[in-house]
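S.K.: Just so you know, the sequences run in chain order A and B. Everything in the first sequence is counted per the numbering used here, starting at 10 for the first residue and increasing by one. Everything in the second sequence is counted per the numbering used here, starting at 58 for the first residue and increasing by one.
Rather than coming from a laboratory, the hints here were simulated on the basis of the structure. Careful, some of the hints might be misleading.
Heads up, incomplete: computed chain B residues facing chain A, CB under 8 Å, no partners named [to be verified]:
# : residue
1 : L100
2 : Y105
3 : E158
4 : E163
Ideal Cβ placement from N, Cα and C applies to all residues, glycine included.
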Amino acid sequence: AQSVTQPDIHITVSEGASLELRCNYSYGATPYLFWYVQSPGQGLQLLLKYFSGDTLVQGIKGFEAEFKRSQSSFNLRKPSVHWSDAAEYFCAVPAGGGGADGLTFGKGTHLIIQP
Amino acid sequence: NAGVTQTPKFQVLKTGQSMTLQCAQDMNHEYMSWYRQDPGMGLRLIHYSVGAGITDQGEVPNGYNVSRSTTEDFPLRLLSAAPSQTSVYFCATTRGGWNGELFFGEGSRLTVL
Chain A
10 AQSVTQPDIH ITVSEGASLE LRCNYSYGAT PYLFWYVQSP GQGLQLLLKY FSGDTLVQGI
70 KGFEAEFKRS QSSFNLRKPS VHWSDAAEYF CAVPAGGGGA DGLTFGKGTH LIIQP
Chain B
58 NAGVTQTPKF QVLKTGQSMT LQCAQDMNHE YMSWYRQDPG MGLRLIHYSV GAGITDQGEV
118 PNGYNVSRST TEDFPLRLLS AAPSQTSVYF CATTRGGWNG ELFFGEGSRL TVL
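Okay, chain A solo, but in the shape it has when bound (with noise of 0.2 Å):
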């Protein structure tokens, strides 16, 4: 079964720091792989996604994300944080019934940001 695993449950970083959250994945294929980001108190939002081609992918609040095969990672970057950028975030893979059974999320990270 297709699962993706979030090594780190909390990280902190300053504000205006760079940002990389891990994440690796388990899949028969070649992979569909997202990343979710929930603010506190709200649904997730999608932040990015990589089907196929250019491995390094571009997000919605300047993020970005880029896929090795060589290493099973999707691993998420963003060059400077915001406060704003506070919250949960999710790496997810399709579950495995080509859609109609939704994605298999990680156990997610939460990110503190430090003033």
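Dock chain B against chain A, hints included.
M.R.: Relative to chain A, chain B alone:
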């Protein structure tokens, strides 16, 4: 344009009570699904539907029922609530055909005493 609307936002139940979480969407999406979110567990799929009249089980379906009589609505029923069902529940939709973007409601926080 409301998107995905969940009601209620908060609910407290006693063990054994039943209730229905409502989900309505105005995006004309074929696929709808219910997830539960628990601390340290991420989101887990409960049930999903690929269209009116069609539903299927996800990863954690026990204790929950769903039906899909219209494109717009996908209610989640707890038949006999248990403390283990204390969670935040999210409804999500996506277009027919796989493009990956799930649109989420704001969630319903349920506490079972």
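S.K.: Decide, hint by hint, whether the structure agrees.
M.R.: Results of checking the hints against the structure:
| no. | hint | in the structure |
| --- | --- | --- |
| 1 | L100 | 4 Å, holds |
| 2 | Y105 | 5 Å, holds |
| 3 | E158 | 5 Å, holds |
| 4 | E163 | 5 Å, holds |
Comparing the model with each numbered hint stated earlier shows that all of them hold.
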